[in-house]
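Enquirer: With chain C fixed as given, assemble chain L onto it according to the hints.
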Amino acid sequence: MVRRLGWIAIAAAAAVLAVVSAASARTSAQAAATASCTKGVSIGMQAPITGPAGSIGSDQLHWALFYVTQWNKTHKVKIHVIQEDTQLDPSKASTTAQALASNAKVMGVIGPAGSDEVQAVAPIFRKAGLAFASGSATRVSLTNGAWKGYFFRDVPNDGVQGPTDANYMFSKLGVTSGSSVMVVDDQESYSTGLADIVGQSLAGKGVKVDRESVSQKATDFSSLIAKVGASTKVVFLPFQVASEAQLFAQQLQAQGKTAVAFGSDGTFDSSKFNVNGSYISFFAPDVTTIPADAAVVKAFHKQYPGATSPFGAPNYVLAQMYASAITKACKDGRISRAEVRKDVLKVNLPNTILGGPIRLTAKGDVAGAKFHIFKIENGKYVTVA
Amino acid sequence: MNWNLFVTEIVAGVSHGSVYALIALGYSMVYGILKLLNFAHGDIYMVGSFIGFGIITVFGGPLNLTVSVWLMLFIMFFCAMLGGGLLGVMVERFAYRRLRNAPRIAPLITALGVSFFLENAAQLVLGAQYQSYNSFGWTNSAIALKHFGLPAHAVISYAQVIVIVGAVVLMVFLTLFVQRTQLGKAMRATSFDREAAAMMGIDVDRVIVATFFIGSALAGAAGVFNGIAYQQVWPYMGFQAGLYAFIAAVVGGIGNLPGAVLGGLLIGLAQSFSIGYLSSTFSDAIVFAILIAVMIVRPSGLLGRAAVQKV
Chain C
6 MVRRLGWIAI
16 AAAAAVLAVV
26 SAASARTSAQ
36 AAATASCTKG
46 VSIGMQAPIT
56 GPAGSIGSDQ
66 LHWALFYVTQ
76 WNKTHKVKIH
86 VIQEDTQLDP
96 SKASTTAQAL
106 ASNAKVMGVI
116 GPAGSDEVQA
126 VAPIFRKAGL
136 AFASGSATRV
146 SLTNGAWKGY
156 FFRDVPNDGV
166 QGPTDANYMF
176 SKLGVTSGSS
186 VMVVDDQESY
196 STGLADIVGQ
206 SLAGKGVKVD
216 RESVSQKATD
226 FSSLIAKVGA
236 STKVVFLPFQ
246 VASEAQLFAQ
256 QLQAQGKTAV
266 AFGSDGTFDS
276 SKFNVNGSYI
286 SFFAPDVTTI
296 PADAAVVKAF
306 HKQYPGATSP
316 FGAPNYVLAQ
326 MYASAITKAC
336 KDGRISRAEV
346 RKDVLKVNLP
356 NTILGGPIRL
366 TAKGDVAGAK
376 FHIFKIENGK
386 YVTVA
Chain L
36 MNWNLFVTEI
46 VAGVSHGSVY
56 ALIALGYSMV
66 YGILKLLNFA
76 HGDIYMVGSF
86 IGFGIITVFG
96 GPLNLTVSVW
106 LMLFIMFFCA
116 MLGGGLLGVM
126 VERFAYRRLR
136 NAPRIAPLIT
146 ALGVSFFLEN
156 AAQLVLGAQY
166 QSYNSFGWTN
176 SAIALKHFGL
186 PAHAVISYAQ
196 VIVIVGAVVL
206 MVFLTLFVQR
216 TQLGKAMRAT
226 SFDREAAAMM
236 GIDVDRVIVA
246 TFFIGSALAG
256 AAGVFNGIAY
266 QQVWPYMGFQ
276 AGLYAFIAAV
286 VGGIGNLPGA
296 VLGGLLIGLA
306 QSFSIGYLSS
316 TFSDAIVFAI
326 LIAVMIVRPS
336 GLLGRAAVQK
346 V
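So the sequence lines, in the order shown, correspond to chains C and L.
Just so we're on the same page, this note's numbering is the position in the first sequence counted from 1, plus 5.
Just so we're on the same page, this note's numbering is the position in the second sequence counted from 1, plus 35.
Just chain C, with the same shape it has in the complex (with noise of 0.2 Å):
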């Protein structure tokens, strides 16, 4: 009986191989073929499109899709989207990203978000030989040489935001040498990296740093508070839920405090972190108050009536990186996962809705990139810096 069911363990442990091995050997030989142009090219979207941060995900989604839409309009060679929900959950941007690479039509992927997200599924698509770009994912590490020729953003890494910060708090905030800023991160990988790469700028000027943690989950920061002295001027609040933030900054001013709450991109709602005086630091512009991009905006909302964040246009942007680079692999009818990814690379984009240009480094970084800083005034988001 033990024998027998020994050989059965080692036909279904030959079967399973058997099976992955073949699906290994499909997404290779897909990787390296080529397609027609004729019909039309295909790019993959993954996004959180639900779940907890799906505003964010469907705004990206919309500007990525809007400008498809408009290129379709004036241009013989079509782009297709196809949509993939990540929910902002690494594992199931795993599971998505494997049935993009898998897809052979696919030649290239918007997304996903999250840092996180983009350690999990940069292994898959090398392995495919797919490029992908992040519209939002800022952690430094992402275009440090491991994915070099694969991964892309047209945003700027936490590199850039933590001396953005940093100096913008010492400049305009009252923060001075000796003075103290309570740094608190959310115990996500996002938001630990981003709080010691802010508390290492201010440490370097000299300010006292309190370094604190607390859960994604948690909801009473009265403890904490109580350790925020008449010498704090900033609490910087590097978390990944808005309304987090807005519960700290609450219960900031509920205590009687006078420190600034200062939060990241993660915080970027105005519809979850409206408290007045605080201030947040985000990757991108806000496209709706530049005045040369009203007409696009415009055009936006025709098409996807609402409110909109500046989460969305920089996936605008990755779109048309995209179109640019697919316009010049298909110059001879024919397009491939590799020809992609080598011109992707080479877009120089001399002016864009992001309000500047965009040509890539090397690693994959933006030329040049800057962060850009929002006080909040009567529940909204002005542009400070």
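These are computed hints drawn from the structure, not numbers from a lab.
Keep in mind that the hints are not guaranteed to be accurate.
[What the hints assert, rightly or not] Partner residues aside, some chain C positions facing chain L, computed with beta carbon under 10 Å: (1) Y309; (2) D337; (3) S341.
[Stated by the list, open to error] So these bits of chain L aren't anywhere near chain C, every CB distance computed over 12 Å: (4) T92; (5) I110; (6) A137; (7) P138; (8) L147; (9) V203; (10) F212; (11) V244; (12) F248; (13) I310; (14) S318; (15) S335.
Where a beta carbon is used, it is the ideal one built from N, C-alpha and C, also for glycine.
Expert: For chain L alone, kept in the frame of chain C given last:
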């Protein structure tokens, strides 16, 4: 010494501990009678919190309340306790009753299943987004913003006062109910020996239903207390709160009602003092270290009695 920090940590700890204690009471009551770890209990707390949020929405939302805050609070507590209690009874009726004589692992796994079911059902029906009671901005009375002064320039918000006083009142009522009423005596008898209680003519089914109703009603109230003091509600909020309450029940001596209250307060204070004086990063580790230390020194909890094994 920074007395402001000390007093603030006491307020935060007692306020949080009161919520944990209310949830822990439900754990302890059910365990005392059925020897069941009802892991779905934290999710009943979540449902109670959402019921409270629903009442706020019905009355125009936090920034446009159309009724007096005190009337709304009364309705919130009434509906959350009734809704939580009925949900607890339903869970007992449909998920646990058939497993009463099954091996102990079966209802335990079922309890986990019910917990996941409630969380996912809530996400499906109510959405995954965080919602806020926003008692900082209630139209007529911002109870999270208004506060009483305490020594050392510390403050306690109206919302925290409501949580602490409300929890104490409910605990006193529960104690009186268990000590003085016939049903309470039946609950104690059933907890002591279910078979003997049945032989003495006690309707054990009725006692179990009452236990689930009362324990779950307290969890529903705890959900509203948490909402008015700490604002946020979301479908998975019950897991963490339930876990802390479970620790509180075990630390105090599971099955022992005063122990559940003591455990809740101890966990709340341990959390706040570890954040204030030791490390916010390791506060959870400190809380769990307390659990381990108590279990090593007193395996049956601080107020629990060692079970006598008859052989």
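Enquirer: Next step is simple, just say for each hint if it's right about the structure.
Expert: Hint check results:
| no. | hint | result |
| --- | --- | --- |
| 1 | Y309 | 20 Å, violated |
| 2 | D337 | 46 Å, violated |
| 3 | S341 | 39 Å, violated |
| 4 | T92 | 16 Å, holds |
| 5 | I110 | 23 Å, holds |
| 6 | A137 | 30 Å, holds |
| 7 | P138 | 27 Å, holds |
| 8 | L147 | 19 Å, holds |
| 9 | V203 | 19 Å, holds |
| 10 | F212 | 30 Å, holds |
| 11 | V244 | 32 Å, holds |
| 12 | F248 | 27 Å, holds |
| 13 | I310 | 4 Å, violated |
| 14 | S318 | 8 Å, violated |
| 15 | S335 | 30 Å, holds |
Checked against the numbered hints above, the structure breaks hints 1, 2, 3, 13 and 14 and satisfies the rest.
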